[in-house]
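Trainee: For reference, the chains in residue letters:
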Amino acid sequence: MIVGLDMGGTHIDAAIIEDGKILKTVKQPTNRNNLFESIRGTLNVLLEDCDKSKIERINLSTTVSTNAIVEDKTSPVGIIIQSGPGLNNKFLACGDKNIFISGYVDHRGKMVKDLNLTEIQDGVKSFKEKNIQHCAVITKFSTRNPSHEIKINDIISKDFSHVTMGHTLSGKLNFPRRVFTSYLNSAVYDTFRDFALYIKRSLEKEGINAPIFILKADGGTMNLDASEKKPVETILSGPAASFMGINAMLNTDKDAVLLDVGGTTTDIFFLVDGVPLFEPLGIKIGPYNTLVRAIYSVSIGLGGDSSIDIEDKNIKIGPKREGVPYAFGGPKPTPTDAMIVLGRIGEGDEKRAYEAMKMLSEQLGLSVEKTAKAVLKTMALIVKNKVDELLQEINSKPVYTIKELLYGKKVEPSLINIIGGPADVLAPILEKEFNLPCYYPQNYDVANAIGAALAKTTTEINMIADTSQQTLSVPELGIYEKISGKYTLENARKRATELLRESAISLGAEKDTIETEIVEENSFNMVRGFYTSGKNIRIKAQIKPGLIQELRGEVND
Amino acid sequence: MIKSKNKLGLVFFPAFDWAISRTHPEREERLLYTQDQIFEEGIGDIEGIKSYNPIIAEEKDIERVHFCVPDVKSRVTESHLISAGGAIRAFQAVMDKEVDKSFALVRPPGHHAQRVVYGDRGFCIVNIEAIMLERIRQQYGPLRIAIIDSDCHHGDGTQDIYWNDRDTLFISFHQDGRTLYPGTGSVDEFGGPGAYGYNINVPLPPGTGEEGFLYTLNNVVMPILDDYKPDIVINSAGQDNHYSDPITNMNFTAQGYAKLNDILDPDIAVLEGGYSIEGALPYINLGIILAMAGLDYSHVKEPDYDKDRLKQPDAITEYIKQECEKIYNLWKEKDDLRLKKYKNMSHVERSRRIYYDTDGILESQTQKFTICKKCSGVDTITSRSDIGYSIFAITIPRDACSDCIDEGHRMYKDVPPATYTNVYLQDKANDVYKSK
Numbered sequence: 001m002i003v004g005l006d007m008g009g010t011h012i013d014a015a016i017i018e019d020g021k022i023l024k025t026v027k028q029p030t031n032r033n034n035l036f037e038s039i040r041g042t043l044n045v046l047l048e049d050c051d052k053s054k055i056e057r058i059n060l061s062t063t064v065s066t067n068a069i070v071e072d073k074t075s076p077v078g079i080i081i082q083s084g085p086g087l088n089n090k091f092l093a094c095g096d097k098n099i100f101i102s103g104y105v106d107h108r109g110k111m112v113k114d115l116n117l118t119e120i121q122d123g124v125k126s127f128k129e130k131n132i133q134h135c136a137v138i139t140k141f142s143t144r145n146p147s148h149e150i151k152i153n154d155i156i157s158k159d160f161s162h163v164t165m166g167h168t169l170s171g172k173l174n175f176p177r178r179v180f181t182s183y184l185n186s187a188v189y190d191t192f193r194d195f196a197l198y199i200k201r202s203l204e205k206e207g208i209n210a211p212i213f214i215l216k217a218d219g220g221t222m223n224l225d226a227s228e229k230k231p232v233e234t235i236l237s238g239p240a241a242s243f244m245g246i247n248a249m250l251n252t253d254k255d256a257v258l259l260d261v262g263g264t265t266t267d268i269f270f271l272v273d274g275v276p277l278f279e280p281l282g283i284k285i286g287p288y289n290t291l292v293r294a295i296y297s298v299s300i301g302l303g304g305d306s307s308i309d310i311e312d313k314n315i316k317i318g319p320k321r322e323g324v325p326y327a328f329g330g331p332k333p334t335p336t337d338a339m340i341v342l343g344r345i346g347e348g349d350e351k352r353a354y355e356a357m358k359m360l361s362e363q364l365g366l367s368v369e370k371t372a373k374a375v376l377k378t379m380a381l382i383v384k385n386k387v388d389e390l391l392q393e394i395n396s397k398p399v400y401t402i403k404e405l406l407y408g409k410k411v412e413p414s415l416i417n418i419i420g421g422p423a424d425v426l427a428p429i430l431e432k433e434f435n436l437p438c439y440y441p442q443n444y445d446v447a448n449a450i451g452a453a454l455a456k457t458t459t460e461i462n463m464i465a466d467t468s469q470q471t472l473s474v475p476e477l478g479i480y481e482k483i484s485g486k487y488t489l490e491n492a493r494k495r496a497t498e499l500l501r502e503s504a505i506s507l508g509a510e511k512d513t514i515e516t517e518i519v520e521e522n523s524f525n526m527v528r529g530f531y532t533s534g535k536n537i538r539i540k541a542q543i544k545p546g547l548i549q550e551l552r553g554e555v556n557d
Numbered sequence: 001m002i003k004s005k006n007k008l009g010l011v012f013f014p015a016f017d018w019a020i021s022r023t024h025p026e027r028e029e030r031l032l033y034t035q036d037q038i039f040e041e042g043i044g045d046i047e048g049i050k051s052y053n054p055i056i057a058e059e060k061d062i063e064r065v066h067f068c069v070p071d072v073k074s075r076v077t078e079s080h081l082i083s084a085g086g087a088i089r090a091f092q093a094v095m096d097k098e099v100d101k102s103f104a105l106v107r108p109p110g111h112h113a114q115r116v117v118y119g120d121r122g123f124c125i126v127n128i129e130a131i132m133l134e135r136i137r138q139q140y141g142p143l144r145i146a147i148i149d150s151d152c153h154h155g156d157g158t159q160d161i162y163w164n165d166r167d168t169l170f171i172s173f174h175q176d177g178r179t180l181y182p183g184t185g186s187v188d189e190f191g192g193p194g195a196y197g198y199n200i201n202v203p204l205p206p207g208t209g210e211e212g213f214l215y216t217l218n219n220v221v222m223p224i225l226d227d228y229k230p231d232i233v234i235n236s237a238g239q240d241n242h243y244s245d246p247i248t249n250m251n252f253t254a255q256g257y258a259k260l261n262d263i264l265d266p267d268i269a270v271l272e273g274g275y276s277i278e279g280a281l282p283y284i285n286l287g288i289i290l291a292m293a294g295l296d297y298s299h300v301k302e303p304d305y306d307k308d309r310l311k312q313p314d315a316i317t318e319y320i321k322q323e324c325e326k327i328y329n330l331w332k333e334k335d336d337l338r339l340k341k342y343k344n345m346s347h348v349e350r351s352r353r354i355y356y357d358t359d360g361i362l363e364s365q366t367q368k369f370t371i372c373k374k375c376s377g378v379d380t381i382t383s384r385s386d387i388g389y390s391i392f393a394i395t396i397p398r399d400a401c402s403d404c405i406d407e408g409h410r411m412y413k414d415v416p417p418a419t420y421t422n423v424y425l426q427d428k429a430n431d432v433y434k435s436k
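As they're listed, the protein sequences go chains A and B.
Under our numbering, read the first sequence as residues 1 to 557, first letter to last.
Under our numbering, read the second sequence as residues 1 to 436, first letter to last.
Fair warning: there could be bad hints in the mix.
What the hints assert, rightly or not - In the EDC-like style, the derived pairs of lysine to aspartate or glutamate whose C-alpha atoms are separated by at most 20 Å in a straight line are:
no. : chain 1 : residue 1 : chain 2 : residue 2
1   : B       : 50        : A       : 51
2   : B       : 50        : A       : 279
3   : A       : 409       : B       : 17
4   : A       : 113       : B       : 308
5   : A       : 403       : B       : 308
6   : B       : 50        : A       : 521
Derived by calculation from the structure, the hints in this document are not laboratory data.
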């Protein structure tokens with residue numbers, strides 16, 4: 001038995017799944033003042049008559065870190081930044097106290113200038129004066145050589161409750177994002193630790209000792225222990241839960257558009273050969289670009305409750321929602337009113353829905369029914385235009401080889417999968433506008449809980465093997481090892497796969513379910529003077545998001 | 001988040017799967033560390049910097065500029081079409097007002113490629129800037145352009161292509177040709193009869209540093225640009241004047257390159273040479289990007305930067321001052337000089353031997369420029385090379401008068417058969433290119 005739970009802004013959804021069958025689902029309101037208690041309460045209701053000893057794992061998607069960041073309820077953080085030559089570093093000062101130190105490591109990881117320890121001691125003093133408990137240390141190119149970060153950590157860690165080192169969060173190059181991600185990790189450290197402790201205790205009390213996993217924004221999970229070290233990885237996992245839910249209910253191995261249409265917004269995702277499309281570097285939260293791996297998702301202000309206006313005889317829907325639909329006593333006509341008028345929804349006050357459409361129809365010079373149809377068509381068109389625009393962007397992402405430029409994979413969706421309240425009504429209209437088949441599932445309203453329940457453990461590593469320096473590094477795993485001058489791409493590939501497996505196991509993956517994948521690989525001939533001095537091998541490998549079990553259920557199209 | 005002052009288009013195409021040969025300076029690794037630096041700085045996250053992929057240039061784009069012998073397909077690879085296409089895309093983004101400025105960080109380079117192409121010289125087969133510019137002129141109409149070539153090697157290819165075109169001012173400052181490939185680029189190479197004075201060379205002595213380059217910029221380039229008033233300024237942004245470059249002898253710096261682009265304020269920059277791939281390129285390219293975007297570049301410095309060690313000797317400073325004064329005066333007097341030089345002449349001929357160092361080919365050619373009162377005049381090239389081929393090539397300029405257009409076509413028609421292996425006609429006025 002697998003338990004999945006997704007905490008949203010308004011509701012918490014939870015589900016129990018066994019052998020691909022949904023046994024039970026519950027929906028509870030979120031108590032924003034007590035998120036921990038909301039989760040515990042929902043689990044209680046979900047598990048009240050089940051055999052708790054049969055629970056194999058519990059997958060949670062939680063907003064505790066996200067909320068702390070968005071509501072600015074994080075711990076104060078002291079940041080030590082070594083920015084070396086490059087951009088003016090002022091914009092990196094995101095902490096409550098920011099110390100810029102000297103020293104520099106270059107793009108090859110060569111130590112150019114060493115640390116000045118006095119600067120660090122002064123920094124520690126100034127953090128203490130501000131009563132700061134959490135720190136982050138980030139040095140430019142620390143992914144290439146983390147020795148400065150490690151050295152600083154060794155000096156200061158005894159004085160603070162937690163220190164985040166930039167290189168441990170991601171092996172990707174992007175110093176500003178590494179600074180922001182490290183800051184956020186330290187800022188939500190206590191919040192998440194408290195949550196983890198609370199969950200562990202409450203489940204123990206209930207006599208549940210199944211392993212607990214936390215959902216990440218990339219559609220995968222990691223175990224609770226790992227997430228306590230990298231709580232920043234738990235932000236914005238909500239859309240990932242929905243995404244995995246759609247995927248579980250409507251599995252495909254093709255390029256596809258995934259839509260989640262709600263009351264206020266529509267979320268757009270893409271599948272490439274059945275695999276989620278990711279953000280190139282990481283997700284953005286508030287003002288911060290991060291290196292947190294995430295499923296690419298774009299939210300537009302268009303939903304069943306979006307308010308409709310007529311501008312120059314054109315129907316304008318959203319992006320605002322000004323209340324419930326007119327048929328439910330709201331102030332403005334909405335797409336939901338159009339659906340009621342067309343007899344596609346059996347709720348709400350039909351008379352008021354008709355009135356709402358009539359207001360629009362008078363301005364448009366159309367019949368009420370035609371107006372209602374035009375509203376839904378407009379809704380589909382807004383989605384289509386946005387999807388086209390996003391595809392254009394996605395398909396023109398920078399590439400760096402002639403092969404990719406000439407023959408690179410283009411994302412060309414051949415179907416649409418849609419969930420959400422108006423999914424069944426919109427499906428045929430979208431089908432027509434996109435000229436693509438459009439599918440929707442039965443139990444869309446618990447897709448997020450199912451997605452959370454079925455998400456596998458995922459991870460990614462970025463490896464560089466430099467045979468002239470005879471070093472191999474995987475920053476996010478803290479691996480910096482010696483290699484021979486004769487190391488080959490084949491060796492590196494093998495080592496990457498090995499390390500990725502080990503990492504996945506430490507995050508809680510089951511050995512026989514791990515599917516590794518080399519996403520990118522390059523081997524550059526390095527020449528110094530007129531002679532080949534070595535190879536610079538670069539590998540990115542991942543365990544892609546997937547489902548623990550196939551869901552057995554019906555699909556509508 | 002940072003927002004740039006100028007909207008900057010960036011075509012970064014390192015061609016990680018292309019090299020002239022495994023250990024050649026123009027190899028896969030060349031822009032690897034530049035990419036690392038750009039990625040680590042988070043340039044892609046700066047609001048106002050927009051990335052573009054190259055488009056692929058077409059055969060006709062090449063024919064508009066070059067006579068490829070025997071034809072485009074035999075000489076030009078996809079990598080060249082993409083490099084030129086990258087430059088075109090960068091320029092289009094500016095013309096379409098998607099961005100204020102653009103930087104095409106593409107390879108292979110092109111500024112040594114002359115009008116006739118038998119093979120590779122100075123790592124260049126086709127002139128990517130000229131291909132870019134002529135395509136833009138066809139697409140967007142006439143433009144008055146200044147190309148400032150800041151590569152350490154004389155831009156002899158660009159000079160050849162725009163030798164007789166007064167709508168394209170070419171200024172190259174470079175290490176003196178008496179001390180470096182390709183050997184040309186002296187002050188007296190001043191342009192053809194239709195554009196005398198619009199080809200300006202500033203040979204600089206080995207050892208020139210920030211001071212000398214910026215002096216040249218402020219005292220020759222900028223005053224001439226003020227006089228010329230171009231619609232668009234292009235920086236042919238070679239980076240081998242750097243003190244760490246392995247194949248040159250200058251002392252320029254990343255700060256210097258950034259300042260140069262700050263002062264020059266080009267609309268387009270296109271990467272040319274530069275082979276100090278670890279110690280210089282990452283910092284120079286970052287400096288140029290920041291300067292063009294209008295961002296603070298004062299913290300961009302090479303790890304081993306040492307101001308005192310790179311100080312320019314006084315003798316060099318003095319020499320450059322005198323050269324600059326001489327050259328600016330020549331520019332001022334160019335019209336008088338032209339009248340004197342070409343008085344009562346109906347045509348001008350020049351014969352040269354051109355060595356293709358990368359491919360080891362020797363070419364002998366004679367160019368013949370007709371002097372026409374109404375336009376730049378039709379011109380011809382007769383050329384032969386030691387790999388075979390004997391060609392005759394006719395160019396009708398963009399601004400050609402109807403007499404010159406007719407004359408060009410007549411020449412093409414009347415070439416006696418079997419005199420040459422290949423005959424070409426470049427009718428730039430009508431954008432028609434023929435060969436037989």
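Trainee: Quickly compare the C-alpha distance for residue 50(B) and residue 279(A) to 20 Å and report which way the hint goes.
Mentor: Holds, at roughly 17 Å.
Trainee: Residue 113(A) and residue 308(B) were given as a pair; does the straight-line alpha-carbon distance stay at or below 20 Å?
Mentor: holds, 19 Å
Trainee: Given the hint that residue 50(B) pairs with residue 51(A), test it: the Cα-Cα distance must not exceed 20 Å.
Mentor: violated, 56 Å
Trainee: Run the distance test for residue 403(A) versus residue 308(B): straight-line Cα separation, threshold 20 Å.
Mentor: This hinted pair is violated, its Cα atoms lying about 45 Å apart.
Trainee: Does the alpha-carbon distance linking residue 409(A) and residue 17(B) stay inside the 20 Å limit?
Mentor: holds, 17 Å
Trainee: Below or equal to 20 Å on CA atoms is what counts here, so check residue 50(B) against residue 521(A).
Mentor: Violated, at about 26 Å.
Going through the hint list in order, the structure does not satisfy hints 1, 5, 6.
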